[in-house]
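Chemist: What follows is the residue order along each chain.
Number of protein chains: 4
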Amino acid sequence: MTENRQLRLGMVGGGPGSFIGPVHRMGALLDGRFTLAAGAFSRTPEKCREQGVRWGVDPERSYVSWEDMITGERMRPDGIDALAIVTPNYMHYPVAHAALRAGLPVICDKPVTTTLEEAEQLRALVRESGVPFAITYTYAGYAMIREARARIAAGALGAIRKIVVEYWQGWLATSVETENLQAQWRTDPNQAGAGGCIGDIGTHAFHLAEYVTGLRVKALCADLPRVVPGRTLDDDCSVLLRFQDDQPGLLAASQVATGERNGLRLRVYGETGGLEWCHEHPDRLRLLWPDAREEILYQGGIGLSDAARRGTRLPAGHPEGFIEAFATLYQDFADVISAGTCPDTNGFLPCIEDGVRSMHFIEAAIKSHATRSWHILEDCLP
Amino acid sequence: MTENRQLRLGMVGGGPGSFIGPVHRMGALLDGRFTLAAGAFSRTPEKCREQGVRWGVDPERSYVSWEDMITGERMRPDGIDALAIVTPNYMHYPVAHAALRAGLPVICDKPVTTTLEEAEQLRALVRESGVPFAITYTYAGYAMIREARARIAAGALGAIRKIVVEYWQGWLATSVETENLQAQWRTDPNQAGAGGCIGDIGTHAFHLAEYVTGLRVKALCADLPRVVPGRTLDDDCSVLLRFQDDQPGLLAASQVATGERNGLRLRVYGETGGLEWCHEHPDRLRLLWPDAREEILYQGGIGLSDAARRGTRLPAGHPEGFIEAFATLYQDFADVISAGTCPDTNGFLPCIEDGVRSMHFIEAAIKSHATRSWHILEDCLP
Amino acid sequence: MTENRQLRLGMVGGGPGSFIGPVHRMGALLDGRFTLAAGAFSRTPEKCREQGVRWGVDPERSYVSWEDMITGERMRPDGIDALAIVTPNYMHYPVAHAALRAGLPVICDKPVTTTLEEAEQLRALVRESGVPFAITYTYAGYAMIREARARIAAGALGAIRKIVVEYWQGWLATSVETENLQAQWRTDPNQAGAGGCIGDIGTHAFHLAEYVTGLRVKALCADLPRVVPGRTLDDDCSVLLRFQDDQPGLLAASQVATGERNGLRLRVYGETGGLEWCHEHPDRLRLLWPDAREEILYQGGIGLSDAARRGTRLPAGHPEGFIEAFATLYQDFADVISAGTCPDTNGFLPCIEDGVRSMHFIEAAIKSHATRSWHILEDCLP
Amino acid sequence: MTENRQLRLGMVGGGPGSFIGPVHRMGALLDGRFTLAAGAFSRTPEKCREQGVRWGVDPERSYVSWEDMITGERMRPDGIDALAIVTPNYMHYPVAHAALRAGLPVICDKPVTTTLEEAEQLRALVRESGVPFAITYTYAGYAMIREARARIAAGALGAIRKIVVEYWQGWLATSVETENLQAQWRTDPNQAGAGGCIGDIGTHAFHLAEYVTGLRVKALCADLPRVVPGRTLDDDCSVLLRFQDDQPGLLAASQVATGERNGLRLRVYGETGGLEWCHEHPDRLRLLWPDAREEILYQGGIGLSDAARRGTRLPAGHPEGFIEAFATLYQDFADVISAGTCPDTNGFLPCIEDGVRSMHFIEAAIKSHATRSWHILEDCLP
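Chains as they are written, first to last, in this note's numbering: chain A, 1 to 382; chain B, 1 to 382; chain C, 1 to 382; chain D, 1 to 382.
To be clear, the hints were calculated from the coordinates, so they are not data collected in a lab.
It cannot be assumed that every hint is accurate.
Since copy identity is lost for identical chains, a pair holds within one copy or between any two.
Below, simulated SDA-like cross-link-like pairs (lysine to any residue); rule was C-alpha separation at most 20 Å, straight line [what the hints assert, rightly or not]:
| # | residue 1 | residue 2 |
| --- | --- | --- |
| 1 | Lys47 | Gln6 |
| 2 | Lys47 | Trp185 |
| 3 | Lys218 | Ile160 |
| 4 | Lys47 | Val228 |
| 5 | Lys47 | Arg5 |
Treat the numbers as computed from the prediction; the structure is a model and nothing was measured.
Construct the complete structure from the given sequences, taking the supplied hints into account.
Modeler: Okay, structure coming up:
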């Protein structure tokens, strides 16, 4: 039976020194839906082979070229069922494009491309081909984020009035790009695209706000400073938002907030209640009520939604984290492949539409910053 | 000796139902520097008398009219040494003006007046008369806020790069102004002035940011929505900031964040470290270091500054709060009266300059909102 | 009307260097029910006078001898209405005894005496005289402790099954008694009594456990080590408890837990729910439910009991602390004096019965430690 | 090269409905050191096959009998390299015994056996055979636990004076054993052994205290109530401890603390500092200093020990949890197999000695409870 057979995953990127490649591998394997069957981990032959051996990939399926992998795997009876793209941003588009044309389902890291135009072209190709395409907006994989989404959709907070999303990092507070590979490509417009902080983590925050509330941003006013001298791209951003029905919002992100680790935090206030989720304690959902009473729901607790249960492996009080959130996205991806339709019916798995939205957001923020004024976000509503 | 004699305080406002009047009384008495000797607590004779009796004020010194109190007390050998103004905003100016002209030191609640013009007139009068004038920006009275200020001034965080200040309340999430006295005058432009949320709590946040960092805001872009239908004044605000050397900042405040209590929070990031203070845990100062290590300093701990020690009555681990913060401001005020000079030499006690700054801030925010654009904040630097 | 007149308080102890004396003064004055009218603050005339002047006490009512104060005040038409005893433990008994015999209501710091025998004698005197006698078990003054008590009494947790109470301090982790006055008398059996840590803070923990649950300890097994070399009295204690219906419990306290500040924490588990209160966040009451859901109630919130409201001065989110808890006990004490009956009808104010219970507890713990075995706690139930 | 080849793991237990089996699988696979090659997941053929298919195990290597698996795998050229035992406790001994005799390295869940005698027999066999034997005391796999251990060993807290370890659960607060499989065997002495709560989670707490401090418990006094009516085994426990140099300690665990999830918490106080770790926030290590200053170290931060880094996959601020802790133990186990020696040289991986210690602890606690007195813990020091 198809659902029971483990799917065979190929990976592009993820060589030694990669941050997100190993996370994709662990996420894919965790729940037993995928095996890692092939990889173009690196253009450097020894590095590619080394990673393949470490991860138990058949040496003849460690490819130095991703083009060869796509071609080679198509000819095998046990060829890969799907492709994970875990490279720097500028490689997303060509690899995804080739895979989709080869009919291979794709799961791609974010942001989907480096330009809005590329994103729109991928969307056209996805629509035309019908091949599943997923984007790993990690935080969409957290059980309590899904719980938040389900509760808001069910009206638990009443009409939404205010949304605040923040993402704080400090790792770029000094000019680490001179020696740190991860920092190097993220601060280089040729590899990262036109957004620095706004593209790298601002998009996570933006996606989360829309994903959880179901609302769309319609206008924004952004301030995108370059705080560390010598940077070409923004390394800090503050954005005033207005959502579709004029609800005010706020998005703040920084990579120069010295001492901060990875502080993503979402707050949503409605007419009858408020809600908070922090990445620091991902197993909790805090609900705020008008009588100054808080409720804290815990992952694994009784009475949570199917959406949350599906992303939960352990009883309450047994911490699950970042890798598990990826695993949940890979579960969704496996389902989508099995079903042959994307997006999934409940819309849990971020897809090409989310990718295009994020590119609109980056583009609008950059324009707003440049003009020191409010800017309308295109593609707001269908 | 003057320093040892308890000072005699008169109060204008603070009748039954007042929120801030009783807080001023408790703050004034706590450290033994003041007694409450007289009051014009209410225009309603029974209410005025009732409050005087409750607080042990000699019945003949409970005045129905504040004008009578100023005149009457001047003629007593044991007349009041200072005046506390705890009325709704629109009364601040006339009472303060009269008191200053009578040579009476004044301690006034915030915001100092309802218009920038009035504030500037008071400033002229203070400068001309040399009479002490203090404003109870409450949070300036917290020991760990003073510790933060002292550490930043000493360079503990390196050059400051980013400032984030937030103030979250939810008590105006519904139209409580129809029945709640506190809400009624705060949402009425005739009593509160032109700023709603921005004037009531945004000014606290603004003052705190400048007070702790010693930096001045030079430009801002504000969004001041009226979230609850029917409101004339803003009840939520988000403000992009740029400080004097172009440092980015963010100020967010809301009175419609359902379920929030009184969540004031300040974060400051510098080149070499970060810092956080939350009103929820006022005895803590969190320091963030680039090695992902946090340090938490506690009020009453060893090694804190004189500034913090002065605002500390109890050993570490024995909570002090809002009333104690007021008491520290009243200590400062007593010192200023004894010394006959204001502001105090170390600038701990908020004074008329702080009041004028805040009125500039409110005015600039309102203009920015109206024009949907960035606005320069006047009076930025001396 | 009696209820409206401010009561006149005299104080024994509280000279310069006292920790708890100033706290009593602030607590007594905070809510306007008492004025500080007289004091025997110190046996040293200058110190006594100095403190009186600082606190606005009429110089002729600053007495060097407490005996003189009791006598002298009885002869004044405006003599004191009540006496606060804030001396080291060994002075509690003689002063309280004399005051009660003079018909003066007494509010005394804890532990009530240095021996069980003295406590029982005071109880006899209180019963015989009918004069109000209160003990400042501080934590009984916290609003959310009263909320906890009210909820447990109303059955919110079902039948109680397990009680855990802890009190962690680190200030005696080194031999500070050589220079610190507070440490000196607390580690000296002649001044403190036979209990060190168990008497100083273990009694707070014990009182809190019984106060909140309404249950009585019937047996215990204690380990009372002297951790710092050279100590005569215990400076750390761990006690296994069994409550009246055999419910297991645990009491832990230490004054040598390096780095701890003043960490009192109570947890109560019942058949249908659990509850936690920590002194670190005194405005919160955490409720734990079987579905792994927590509820946090905040002081000042809507829907809390009268008991909590009575100890609340400010809206939710405005921290109140240690001094305010004392103030609530002084409110109760003022009511008891006005009513002429003690204990108060709802039993909020700790009284002589609580004092006697605590002395039984100390005595039983010391015996259990000495015999390395379980010990029955006398006076368990009426 | 052996180190690079993925090791082949067989599993006994872990059929549908198992809690810990899937955790072992995920832990083993996460870091790529093991593949799951064979399993005797269940005695029921369909269940065994079903689990094998789900986990990608070759159908002919899904064995209904563990005895067959050991025999069958020995005959394959690609036979398993090691065996994971994830059954209820009473099966640990026979399976481990057979595997060790077959020369197969074993990784076994805790407690190691149901009786001390069995544990000692296994120890003899391990010593005699030299075959690696590991026990999954989960918490020994957490990075910050290893950091705590390294810091204490390096003297960061000075001489240790007090140890407090707690483990709170509420899932057995009602008689769930009538329907919950996990509860059923844990409350049944025939399957769980003589310890209920003390054996199931008390041993985790005990192990953690000794593992982190390097000290050995020498005496204890235990109270082991059966709180829920009808239970044969204890479901709550409180234990006074004395460590090898007379240091006092406290161990508390409960499975009937209604509303608690999985609250393991360790505190260690030394002469010069204190330390706290909570399972709720496993990425943090809290250090307490005598000046009332706290330091919080975060997993992934700069400056942590090799020990912590080894158990860290992600940058600071990216949560890792329970599964990752298992993965770290499996990393250690892979190293031990490669090196052919157990225990590992730095003693990170819990081994048979830890198992025997825990059985001594359970036995001593049960005797102490039965006699209501202190009891000496055998096997205290080598």
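Chemist: Evaluate each hint against the coordinates.
Modeler: For each hint, the structure was consulted:
1. With identical chains, the CA atoms of Lys47 and Gln6 are at most 20 Å apart between copies only, with a shortest distance of 18 Å across copies and 27 Å within one.
2. Within a single copy, Lys47 and Trp185 get their C-alpha atoms as close as 19 Å, which meets the 20 Å cut-off; across copies the closest is 49 Å, which misses it.
3. Taking CA atoms no more than 20 Å apart as the test, Lys218 paired with Ile160 passes inside one copy only; the shortest distance there is 15 Å, against 33 Å between copies.
4. For the identical chains of this complex, Lys47 and Val228 are neighbours neither inside a copy (33 Å) nor across copies (58 Å), given an alpha-carbon limit of 20 Å.
5. With identical chains, the CA atoms of Lys47 and Arg5 are at most 20 Å apart between copies only, with a shortest distance of 16 Å across copies and 30 Å within one.
Hint check: a violation occurs at hint 4 only; the rest are consistent with the structure.
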